[in-house]
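Participant: Protein chains in written order, with the working numbering: chain Z, 1 to 263; chain U, 1001 to 1242.
Quick caveat, the hints were computed from the structure, so don't treat them as lab data.
Beta carbons are placed, not taken as given, at the ideal position from N, Cα and C, and that holds for glycine.
There could be a bad hint or two in this list.
Here's a subset of chain U near chain Z, in silico, CB distances under 8 Å, partners left out [what the hints assert, rightly or not]:
#1 Y1078
#2 P1080
#3 N1084
#4 I1089
#5 P1090
#6 E1103
#7 S1183
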Amino acid sequence: MGEMIQLFGHSFIAAALLSLAIGVVGSLMLVNRYNYLAASIAHGSYGGVGMAIYLGSSILLGATLFAVALALLLAYMTYHRHRHLDIFIGVLWAVGMSVGIIFTDLTPGYTTDLMSYLFGDILMIPSSDLWYMAVVDLLAISFVALFYHQLLAIAYDKEFALTRGLPVASLHTTTLVLIALTVVMSIRSIGLILVIALFSIPPYIAERFAKNFFGMMVLSIPIAFGIIVAGLMIAYYLDISATAAIILLAALCFVLTFFKDPR
Amino acid sequence: MRLPAVEVKELYFRYDKEYVLEKITATIWDKEYIAIIGPNGGGKSTFVRLLLGLLQPTKGKISVYGRPPLEARRLVGYLPQNVNFNLDIPLLAREVILQGRLESGKYRFGSEDMKLLYQIAKELNIENLLDRKISDLSGGERQRVLLARALITKPKLLILDEPTASVDIASQKRIYQILKTLSMTKIVISHDINILLEGVDRVFYLNRKLFIHENIQFDIQNKEGHFCEMELFEELRRRCDG
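Chain U with its partners taken away, still in its complex shape:
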């Protein structure tokens, strides 16, 4: 039997008067790989912030592995958009990764934390970056460090908000390769529609309302390799609006 990782029922959310998200109902299954795409302002980041418990729904219900999002924090790894980081602060990459092990009431890192640090650094091949300043790293290197920070919590659900924004093509491919090898449930918000070629199971097109595209790999294959992102994006928009 498939285990639901995320269950969203009749979710509505608004910041002011207008709804940003309307009547969203979806189930994401354990170990599924979901891409969330859609136009700017379509509610993608808001949806993710609701899953993380950073926002509370106006109406409706969300559960993460059967618990309210705030109680499921330990199960979730998160890589925020890279616009949020303060690079004025001198920090080593190892210090940034270890931040993933922090929680309320935890003030120091122990030997278990250090063991996990070296283990994740080895897995992501970033051991050579550990003692470098985070502000000195390239966009791609920094994203891999931040991915390590999200993974050091050993999450069951990994949420990534634009992980390939502002990184070069080689780094994008590297990040997608890493994501393919990870076995937990993955939700990736992306403007880069190439993510659809990287083995995602389903596509959530979000533009205030949600349209779930179930057979994305089938559609891509039927185009005989001629994958036209604009065409697909338009098609998803039509289906969502319809």
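For reference, chain Z alone in the conformation it holds in the complex:
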């Protein structure tokens, strides 16, 4: 057990910070039905990873700038180009990943395993990433705390929110930027491919039991933390990939919840 705690030291902190983001941003993502938009940002942000590798700059910085640019573009498109929006989202998704692959191909002597960005590894989190995660968590909590009622009004009935003069477009844009930041903070721990599953499942489970949105956010946090830590332990004892174990455990919880109350 002591050996495990020593091995997982950073991972437990990362799991806690990740769970906070899942509770706050994941819940916001789910109730706004932004999962497809978020998936596009997540996959597309690989373009930023590739460009950062090519330029030899910070991967966190490259991915952040690229993901935020994608979020701003998607926010604009959702407000000004309703027709064929799903195609546009899909194209951004593919273009971002292709840009990433091409730039890493062009990088002379680049040997790092790309899979670590696509699937992540929570056991290998550097302490600099923990600071980034803490700042993003703080931003997310502050944003939701300040605009809680306005965000809910927009999520429930956008047209009514507009008639009340609420800043619908700017809150939509800020939410997407926040999603972009949380995606980037999750790159090294769970990877770009699996991030949306982990950000969707705990809020989905919590929604079944919570009475209101605040309850959903709060309940999502221990559910996410429990899934991540249990997944880590399963991975340790079975000697398998931690991210895969976490996602499969989350999927199992999702299926059990779905059959309990198949709405």
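Starting from the known structure of chain Z, arrange chain U on it as the hints suggest.
Facilitator: Chain U alone, transformed into the frame defined by chain Z:
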């Protein structure tokens, strides 16, 4: 002297090339009860969205209590069509009603908001629904909660878009009863032509152009209770097209 609540002058609106609304001119007076009926695609919801300032006219002018619609927001209560609501979000009925008190720059609810919440809940007899999830309510209960959200702003003008769609007959009657008791200016879009029996003052038949039926109650009474909605609808369509 009668005070105009809504004034529409030579209004035209188009989304693409074709006009959805053409040459609409009308005045709705303070405390009047107006029903807007007409076929699907006739421009009813577009007209209401123009009154709310959600759309801008292609040509023409609209004023609500003497102001442009965007400046008159505080004076207007609105109940949108129930197709627009996201029921995936866990929300209590009380949270939904309080949304009517939100405006730009307002982030928290104070004691005045809470006082109005309980007052409106009592008036609409929905106190028992306040702590229930909005997604668990029946169609009729949900519409009463949404009516409370529109009324908590203490509006001078109440606009309702299909308030009785997808609710049972008992709930329809209940909603019409509530509307009768409200004294502000009311504009109700409805597919349910029975609204014409519920004491509306005038009927706006909208099918790209507007035909205003002034004597609806007189016509209904003259039919000696045999109110034939199809016949009336056809007659209004003929007059509008003519």
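Participant: Take the hints in turn and mark each one as holding or not.
Facilitator: Status of the hints after comparison with the structure:
1. Y1078: holds, 5 Å
2. P1080: Holds, because the Cβ-Cβ distance from P1080/U to chain Z comes to roughly 5 Å (cut-off 8 Å).
3. N1084: holds, 5 Å
4. I1089: holds, 4 Å
5. P1090: Hint on P1090/U: holds, closest Cβ of chain Z at ~5 Å, below 8 Å.
6. E1103: holds, 5 Å
7. S1183: violated, 21 Å
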